[in-house]
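2 protein chains.
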Amino acid sequence: MLQNIKAIAFDADDTLWVNEPFFRNAEKEFCELMVDYLDEEQCNRLLFEVEMQNLPLYGYGIKPFTLSLIEAAIRFSDGKVPISVINTLIERGKKMLQEPVEVLDGIEDTLKRLNGNYRLIMATKGDLLDQQRKLIKSGLEPYFHHIEIVSDKTEAQYSKLVKHLDVTPEEFLMVGNSVKSDILPVLNIGAHAFHIPFHTTWEHEVVKEPVEHLNFRLLDSATEMLEHLGVV
Amino acid sequence: MLQNIKAIAFDADDTLWVNEPFFRNAEKEFCELMVDYLDEEQCNRLLFEVEMQNLPLYGYGIKPFTLSLIEAAIRFSDGKVPISVINTLIERGKKMLQEPVEVLDGIEDTLKRLNGNYRLIMATKGDLLDQQRKLIKSGLEPYFHHIEIVSDKTEAQYSKLVKHLDVTPEEFLMVGNSVKSDILPVLNIGAHAFHIPFHTTWEHEVVKEPVEHLNFRLLDSATEMLEHLGVV
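As given, the protein sequences belong to chains A and B, one line each in that order. Residue numbering for the first sequence is 1 to 232, as defined by my numbering. Residue numbering for the second sequence is 1001 to 1232, as defined by my numbering.
What the hints contain is simulated information worked out from the structure, not anything from laboratory work. In this text, a Cβ means the ideal position worked out from N, Cα and C, and glycines have one as well. Heads up, some of the hints might be wrong.
Said to hold, decoys possible - Derived DSBU-like pairs: lysine-lysine, alpha-carbon spacing no greater than 30 Å straight-line:
#  : chain 1 : residue 1 : chain 2 : residue 2
1  : A       : K112      : B       : K1137
2  : B       : K1112     : A       : K94
3  : A       : K6        : B       : K1160
4  : B       : K1137     : A       : K163
5  : B       : K1094     : A       : K80
6  : B       : K1160     : A       : K94
7  : B       : K1006     : B       : K1180
8  : B       : K1094     : A       : K160
9  : A       : K80       : B       : K1080
10 : B       : K1163     : A       : K112
11 : B       : K1006     : A       : K160
12 : A       : K95       : B       : K1080
13 : B       : K1094     : B       : K1080
14 : B       : K1163     : A       : K6
15 : A       : K160      : B       : K1112
16 : B       : K1095     : B       : K1160
17 : B       : K1112     : B       : K1160
18 : A       : K137      : A       : K112
19 : B       : K1163     : A       : K160
20 : B       : K1094     : A       : K6
21 : B       : K1137     : B       : K1112
22 : B       : K1137     : A       : K160
23 : A       : K180      : A       : K28
24 : A       : K80       : A       : K94
25 : A       : K180      : B       : K1137
26 : A       : K95       : B       : K1095
27 : B       : K1006     : A       : K163
To be verified - Estimated spans, in silico, between C-beta atoms of each pair:
#  : chain 1 : residue 1 : chain 2 : residue 2 : range
28 : A       : K137      : B       : N1087     : 26 to 36 Å
29 : A       : G139      : B       : P1082     : 42 to 52 Å
30 : A       : Y37       : B       : E1091     : 13 to 23 Å
31 : A       : D152      : B       : K1163     : 22 to 32 Å
32 : A       : H228      : B       : P1082     : 57 to 67 Å
33 : B       : P1021     : A       : Q53       : 22 to 32 Å
34 : B       : L1055     : A       : E224      : 57 to 67 Å
35 : A       : E212      : B       : Y1118     : 23 to 33 Å
36 : A       : E227      : B       : K1112     : 48 to 58 Å
37 : B       : D1220     : A       : Y37       : 51 to 61 Å
38 : B       : H1204     : A       : E49       : 32 to 42 Å
39 : B       : Q1053     : A       : G79       : 21 to 31 Å
40 : B       : T1201     : A       : D152      : 30 to 40 Å
Let's have the full structure, built from the sequences with the hints guiding it.
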């Protein structure tokens, strides 16, 4: 059982609520619009390349994604894509920014029971306005002390976060669906990490090797956290 | 002389470094690209409308601005704009994200002398990745305790910020170039505000009435802060 934890940070997208499937759907629709220029497999692969090229400059989220889709449409069609497609992509991005928020199983009940025993933080690399909107729509806002936005989930950023929360790494627990972003850098700074996998993972976040570490737990659902923390 | 101040938050764009002129230039170039469809006055006015419509959904910054330019180009031309113009707008946005950072007069010296006496924060409603990039490029990073990103600069957001900094409103001073964003909401929560005007102000931020308030000072430059705070 994990004792001495004071602050628990939750990743947001695909940990608290559904997110990745919206991107996968948007990519599928995009590649259907590109069918005159390249096949789906090529389209997905080259789109990922455009996104990776833009990541250092644009960062994460729906607005960077929309800009990458527009750039990809122009590039893939060699400038021949009709302007109506660009308009569709702009509208598609706006629609994504307004999607309903579907909270994952067990999350609300778990947060309710952790609240009061721990300082609960939402830690995300998405963009603040969009994550705030989702937090409010989700109804989960009352359980969180505040939102921490990080530009990337690296060891340096987690060290900063822990320092900012005024706890030691041993008193900090991160909960998330991405081994690359939510687990490995956290374990590397001496803090604790719980992994709750989500059925869909963005290629950029995929890590193939299983994690083995004293400070690590792999969970099937959020409610299992309560057991590991001894909250009954 | 202002005593008892513990935390000082600085707005970033057009307070620490030049920003607004990059947007004004981009708008000018955009309206030149639109010259076949509408005149400059119309273009500026309608572009502002598009930006205001998108603000609640997109928030502030270069990526929202780029998406609004693309939308405006399609709308103003009734879908007739060549795809090469859209490409130019994408490239223009990327260029803006990589502009050099020009620190304003007196800022570095002032921060150097305040540092150690106060907790210095950068408080901005831009997007985190872009503001971090500018902070690092500016060389001002060592003077700041951390960056606070707010989705909008309202009284509620400032109250949250003050609470988060663990100071009272009377112990908090905000410094910025926008009366609407950096001054009025801060005075309304009982905190202190210094206004350092910048020569160019975005229409959305313009407030016509002069401010009169016990907790308010209008300064010609950042170095005047030192006098008002009794830092010698």
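Notebook entry, point to check: Does the alpha-carbon distance linking K1137/B and K1112/B stay inside the 30 Å limit?
Noted result: The hint holds at about 17 Å.
Margin query: Between the alpha carbons of K1006/B and K160/A, is the straight-line distance 30 Å or under?
Written below: Holds - the C-alpha atoms of K160/A and K1006/B are around 21 Å apart, at most 30 Å.
Item checked: 30 Å limit on alpha-carbon distance, applied to hinted pair K1160/B and K94/A -> holds (28 Å)
Checklist line | Hinted pair K1137/B and K160/A, Cα distance within 30 Å | finding: holds (19 Å)
Next item on the list: With respect to the beta-carbon atoms only, verify the hint that E212/A and Y1118/B lie 23 to 33 Å apart.
Entry: violated (46 Å)
Checklist line | Straight-line alpha-carbon gap K180/A to K28/A, limit 30 Å | finding: Roughly 25 Å between the alpha carbons, so the hint for K180/A and K28/A holds.
Notebook entry, point to check: Does K1080/B lie within 30 Å of K1094/B when you go C-alpha to C-alpha?
Noted result: holds (24 Å)
Next item on the list: Take a look at whether the Cβ-Cβ distance between P1021/B and Q53/A falls inside 22 to 32 Å.
Entry: Between P1021/B and Q53/A, where Cβ atoms are some 28 Å apart, the hint holds.
Checklist line | 30 Å limit on alpha-carbon distance, applied to hinted pair K1094/B and K80/A | finding: The given pair, whose Cα atoms are some 22 Å apart, holds under the 30 Å limit.
Check: Are K1163/B and K112/A close enough, with their CA atoms no more than 30 Å apart?
Finding: holds (23 Å)
Next item on the list: Measure nothing beyond the straight line between the CA atoms of K80/A and K94/A; if it is 30 Å or shorter, mark the hint as holding.
Entry: Holds, at about 24 Å.
Note to self: What's the verdict on K95/A and K1080/B, does the C-alpha distance respect the 30 Å limit or exceed it?
What the structure shows: holds (24 Å)
Figure legend: structure checked against the earlier numbered hints; hints not met, in rising order: 1, 2, 16, 20, 34 and 35.
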